[in-house]
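> These protein sequence lines map, in sequence, to chains A and B. Residues in the first sequence are numbered from 2 upward in steps of one, following the numbering used here. Residues in the second sequence are numbered from 2 upward in steps of one, following the numbering used here.
What the hints contain is simulated information worked out from the structure, not anything from laboratory work.
Restraint ranges, calculated between C-beta atoms of paired labels, are given here: (1) A:474 to B:260: 28 to 34 Å; (2) B:165 to A:518: 45 to 51 Å; (3) B:87 to A:274: 52 to 58 Å; (4) B:221 to A:474: 22 to 28 Å; (5) A:95 to B:263: 18 to 24 Å; (6) B:71 to A:196: 52 to 58 Å; (7) B:221 to A:196: 43 to 49 Å; (8) A:278 to B:260: 30 to 36 Å; (9) B:165 to A:144: 43 to 49 Å; (10) B:270 to A:174: 45 to 51 Å.
Cβ coordinates follow ideal geometry from the N, Cα and C atoms, glycine included.
Number of protein chains: 2
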Amino acid sequence: MRLTFCAALALAAAMPAIAAVPDPVVNGRIIDAGMNHGDVMETVAYLTDRIGGRMTNSPQMRAAENWTRQRFAEYGLSNARLEPFEFGQGWSIDSSQVRMTAPRVLTLRSIPVAWTPGTGGAVTAPIVVAPLRRDRDFAKWRGKLAGKIVLVSMPGEADEPKDAAFERYDSPAITKLDVFDQPKTSAADLAKTIRRDGFGARRDAFLAAEGAKAWVSKSYRDGGLISGEGEGYAAGDARRVPGIQMAAEDYRRLARLAKGSEPVALEIDTRVTFHSADTRANNVIADLPGRDPKAGYVMAGAHLDSWVGADGATDNAAGSAVVMEAARILAGLGVKPKRAIRFALWSGEEQGLYGSIAYLVQHLVTRAPITDPALAKVNPYYTWPTRYPITPKSEFNELAAYFNLDNGSGKIRGIYAEGNPAVAATFTQWLAPFAGMGADAVVSSRTTGTDHVFMQSVGLPGFQFIQDPLDYETRTHHSDVDTFDHLKAADLRQASVIMASFLWNAANADAPLPRPPLPTRPKETDPFAYVDDEE
Amino acid sequence: MRLTFCAALALAAAMPAIAAVPDPVVNGRIIDAGMNHGDVMETVAYLTDRIGGRMTNSPQMRAAENWTRQRFAEYGLSNARLEPFEFGQGWSIDSSQVRMTAPRVLTLRSIPVAWTPGTGGAVTAPIVVAPLRRDRDFAKWRGKLAGKIVLVSMPGEADEPKDAAFERYDSPAITKLDVFDQPKTSAADLAKTIRRDGFGARRDAFLAAEGAKAWVSKSYRDGGLISGEGEGYAAGDARRVPGIQMAAEDYRRLARLAKGSEPVALEIDTRVTFHSADTRANNVIADLPGRDPKAGYVMAGAHLDSWVGADGATDNAAGSAVVMEAARILAGLGVKPKRAIRFALWSGEEQGLYGSIAYLVQHLVTRAPITDPALAKVNPYYTWPTRYPITPKSEFNELAAYFNLDNGSGKIRGIYAEGNPAVAATFTQWLAPFAGMGADAVVSSRTTGTDHVFMQSVGLPGFQFIQDPLDYETRTHHSDVDTFDHLKAADLRQASVIMASFLWNAANADAPLPRPPLPTRPKETDPFAYVDDEE
Chain A
2 MRLTFCAALA LAAAMPAIAA VPDPVVNGRI IDAGMNHGDV METVAYLTDR IGGRMTNSPQ
62 MRAAENWTRQ RFAEYGLSNA RLEPFEFGQG WSIDSSQVRM TAPRVLTLRS IPVAWTPGTG
122 GAVTAPIVVA PLRRDRDFAK WRGKLAGKIV LVSMPGEADE PKDAAFERYD SPAITKLDVF
182 DQPKTSAADL AKTIRRDGFG ARRDAFLAAE GAKAWVSKSY RDGGLISGEG EGYAAGDARR
242 VPGIQMAAED YRRLARLAKG SEPVALEIDT RVTFHSADTR ANNVIADLPG RDPKAGYVMA
302 GAHLDSWVGA DGATDNAAGS AVVMEAARIL AGLGVKPKRA IRFALWSGEE QGLYGSIAYL
362 VQHLVTRAPI TDPALAKVNP YYTWPTRYPI TPKSEFNELA AYFNLDNGSG KIRGIYAEGN
422 PAVAATFTQW LAPFAGMGAD AVVSSRTTGT DHVFMQSVGL PGFQFIQDPL DYETRTHHSD
482 VDTFDHLKAA DLRQASVIMA SFLWNAANAD APLPRPPLPT RPKETDPFAY VDDEE
Chain B
2 MRLTFCAALA LAAAMPAIAA VPDPVVNGRI IDAGMNHGDV METVAYLTDR IGGRMTNSPQ
62 MRAAENWTRQ RFAEYGLSNA RLEPFEFGQG WSIDSSQVRM TAPRVLTLRS IPVAWTPGTG
122 GAVTAPIVVA PLRRDRDFAK WRGKLAGKIV LVSMPGEADE PKDAAFERYD SPAITKLDVF
182 DQPKTSAADL AKTIRRDGFG ARRDAFLAAE GAKAWVSKSY RDGGLISGEG EGYAAGDARR
242 VPGIQMAAED YRRLARLAKG SEPVALEIDT RVTFHSADTR ANNVIADLPG RDPKAGYVMA
302 GAHLDSWVGA DGATDNAAGS AVVMEAARIL AGLGVKPKRA IRFALWSGEE QGLYGSIAYL
362 VQHLVTRAPI TDPALAKVNP YYTWPTRYPI TPKSEFNELA AYFNLDNGSG KIRGIYAEGN
422 PAVAATFTQW LAPFAGMGAD AVVSSRTTGT DHVFMQSVGL PGFQFIQDPL DYETRTHHSD
482 VDTFDHLKAA DLRQASVIMA SFLWNAANAD APLPRPPLPT RPKETDPFAY VDDEE
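Excised from the complex, chain A in its bound form (with noise of 0.2 Å):
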C-alpha cells in the first residue's frame, strides 16, 4: 500500500467514524457484476463504433442523449430524463477534403475547425504564410489577406518524443501527485485569460474583414494526429471564415514551399452543418432511489460529449460507460441505499464545463450575476467561478458527493482528494478491498478541466479518481485516434466496479463527506505583483 500524505494522515489520527466499513458482501456482488457480467465494453462500444464523435448539439450528440437515457432506464432507474440547458447551435461535418494544387498535387490531412463555416464547395486560393497569434499581428498582415487561405501558425519544428507513449503510473509517479496545490488568485491573469480566449472570435473578424478566403491552423501534434476542436468559444458565436487544422507535417510542407520562388496553392472542400433548430443542450440524468429520503442523494458524473476528430472514446465514452455500468451494477442489486445515487452524463463539456455549470444553477446554487457588460460574453468556465456571493438552493444540503472520471481509459489508481485532506481517511478505508486491483492512494492534489471543479467552486464535495495515463495525453486525447481500440477492457471493468463501490460507500455512509465551508471571494495571492502585459 502505498504511504501517501493523506494516507498516512488517516492512519495516524483518530479520526471520528464518518463511513462504516465497506460491506464485503455488497462489494463482492459488484465484483461479480463488473468483473463476470460486465456489459461496459458493449456500451463504449456502441457510444464510439456506431455513434461516434459526439459534439454538443450535433445529431450524433443527440443519439447518444436518447440512447443512454434508453439504457439507464432500461437498467431499472428511476426518472431516466433530459434535463435541457441554454448552449447554442449545433455544428457536424458532412465531407471535407483538402488538396495542395500547387506547386504539385497532393491530399493533405486535416479537419474542420469545430463551429467555424464549410467552404461549401471547392475554393482554390494561394496560400499566405502570416502567423497571427496575438492581436499585436494583425498590423503586420492588415490589406496582405484579400483573397488568400491565410496560414495562421508558426510552423515550429517536429517534435522529438523522448518519452514513451503509453505509461502506467509507478508508486514514485503515484507520490508525486501527492501535493497540496494552495489556491491562487490574481485578477490580472483571470483578465489575460479572458483576453486571449476571445482572440480566436477577434481573428476571425480579422481575417474576415480583409478577405481571407479561408484559414488553416497547425495541429499542436505530430506523427499525422489532428483534433480539429475550436479555440475559444461562447455559445452563439458565428464564426465567418472557414478554418481547418491540418496535420503538422503538412502544414510545415507549405510553410516551407511558400519560401520559394513557385507559387503554393491550396483547394478547400469542407462542408458542414450547423443545427439551430433546438439550441438546447441535454444532461442525461437518471437515479437509483435511496431508502430515506432526507439523506439526500450521491452522485457519479463523466461528460458525454467529445471533439469529432474520431470516436471520443478515451475522452470521454470511457468515463460515460464507467457511470453507466456502476448504474447497471448498482441497478442489479435490488436493494435500496440509504441516499439515492444520482448518474450524470454532461453534455457541452468540451467548450467550458457547460452541462455541469448548468446542473449546478438548476439544482444546487445561484452565484451573483454578471454586472461587467464586457464579461456577458466570455466563456462561463472563466467568469462563473468568479461570481460572488455564492447562494445554496434547498438542494445544495442533499448532495453528498460526487464522484467525476474524465482522464482517459487507464483504471482507477486511487483518489484525488481535490484539495480537501478531511475525506482522506474515509477514501483509504474504502479503497482497502481494491489495493489487489491496483488502487489504494489518496492524494491531496486538486484537478482541472473536468466537471468536477465547480462542484468544488462552490463547497460541493465533488472528486475524481486517478487514473493510470495510457496514451491518453500523447495521443488520444482530442486526436484522430480517440477510437475504442485505445481504451483497455480491464481498466474500464476495474473502473466501474470501484464507481459502483464508493457510490455505494457514500450512499450508505452514517455522514455525508465532510465540506469546506462555503466559498466566500478569497483574497489577491500575489498582492505585491507587478503585471507584464507582454504577451
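Starting from the structure of chain A, add chain B where the hints point.
Frame of chain A; chain B shown alone:
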C-alpha cells in the same frame, strides 16, 4: 572514445598501414564546405517537398532522376548519367477517397497499395472480415467473397509503446551493435521465405477468382500511420483486385462493427496510373575522376526511390542528399584524388535492391543463371545471392570501397565493419577526426536490407554507417509522415562531411580496403535441423 571489439583490435594489433592518416588540410576544407557552406538541406527539400514520394518509374521518380543528374553535372562531376535497367511498369496515385457508408458515414484514412489497380470510380460494397494470411486460409473463404470488400488482416489490438519514439544512441547501445553475426544458410528457410514472398500474388489471384471487389489490409503501425507499401513485388506483376491499406484504428473499427448485426459497407474511390511506356528504371551515376586511371575507384551510394505514403524524406532522400552533398563538397575541392570517386543514386531499392543488383550485373560480376523455372519470377532479392559461381568482370577489381547510407536522418556514429574485421584498423583511423562530432565507433555487425549487401555477397568491400535511430523505425520509415520536418539539419551536415572524408581517404589510401575471398556456395549452417512446415 568508445572501445568496441574492433576498435580494441585495431589498437592492440600492429596491422600493416594500408591507409594514410587522414589529410588534415583536406578534412578541414571538407568540414568548412559542409558545415559553413552546406547545401544538403536545400537538396533534400527539393527531393521531398517539391518532388515528393518517388516510387520507381513514377513521374516523380523520373523528375528526381533528371534533377539529380543535372545537379551532379552542375557540381562539376564527369559523365553525370542515367544507367537504365529493366524494372517493370511504374505506378502512381492520382486520387484516393475511402468512406464507411454503413452503418454510419465516416471518411477513413487509407492509401492504395502499390502496384494494385484503382477502382476507377466509387465502388460501394459490404465488407467481410476474412483474414487471409496463408494459403490454407483460402479454403475457409471460398465462395463467400463475391461482390465483397474483403478485410484481409487480423484486426489485432492497439499497441502500447513503452519506449520513446525518438532515440539517440548512448555508448552501451552502440556497444550492443558490435556483434560478429555468423553467416546462416538454410535452404529450408529460403524456400519458406520465397513461398511467403509470393503470397500477395496468390491472394490477389484468389480474390479475383472469387469476384471480390477490393481488399483492405491493416497498417502495421498504430496512431493513424499508413504506408501503402506493396506486399511482395516481382517486375511485371499485374495485380487484378484493387487493394488499400487502412489506418489500424479505422480498420479495427470496421472489424468490430462487422461483429454486429447491422450491415457494414465501404465506398472506395481510388484512381491510379500505371506507367508502361518505358519499363526501364535508372540509376543516377556521376564520377569525380582520379589522377591514376589504374588505381580504380571508390563509391558512395543511396537509394533515391521511395514508397509513396509521404515524401520519402528519411527513406531515403536523406541518404541521397548526403551522397550528393559529398559529391558537391569533393568536386569543390578542386583537387584530384588518386582513385576516381563515383556517386550512385539507386532506383528500385524498395522492391528488392533492383538498382544496385543491376549495377553489379552491368559493371562487376555475373552470377550463375537461374536453372529452376519455378524461381524465374521470384524477386531477385531472394534468388540473386544464392546463384553460384560468381564470375568477376574486369571492373571487379577496380571497386576499392563502397559506402552506403540508408538508415534515416540520424547523424553518423561510426561504421559497421559488416563482418569484415580486417577493415577496422583503417576505419578507426578515418573516424579519429570526427569523435567530437559523435562518430567514433567501428562495430563488427552486418546490416541488411539495403544496397551494400549484394556488394558484400560477391566479396566486394561494401559498408554502411551507424546512424542515430531518431524516430525512423517508430514513425517515419515508409509512413505518411516521412516528411522533411523529421530530418535534422545538423545530422545531415555531419553525415555529409564524414561521407566526403571517408571517400577522400578511401580514394587516396595506399592500398584498397581488404576484401574477403571470392565467395563460393556456403555449407548449410544447420545440417541437423528438422523443418517445421507449419507456418
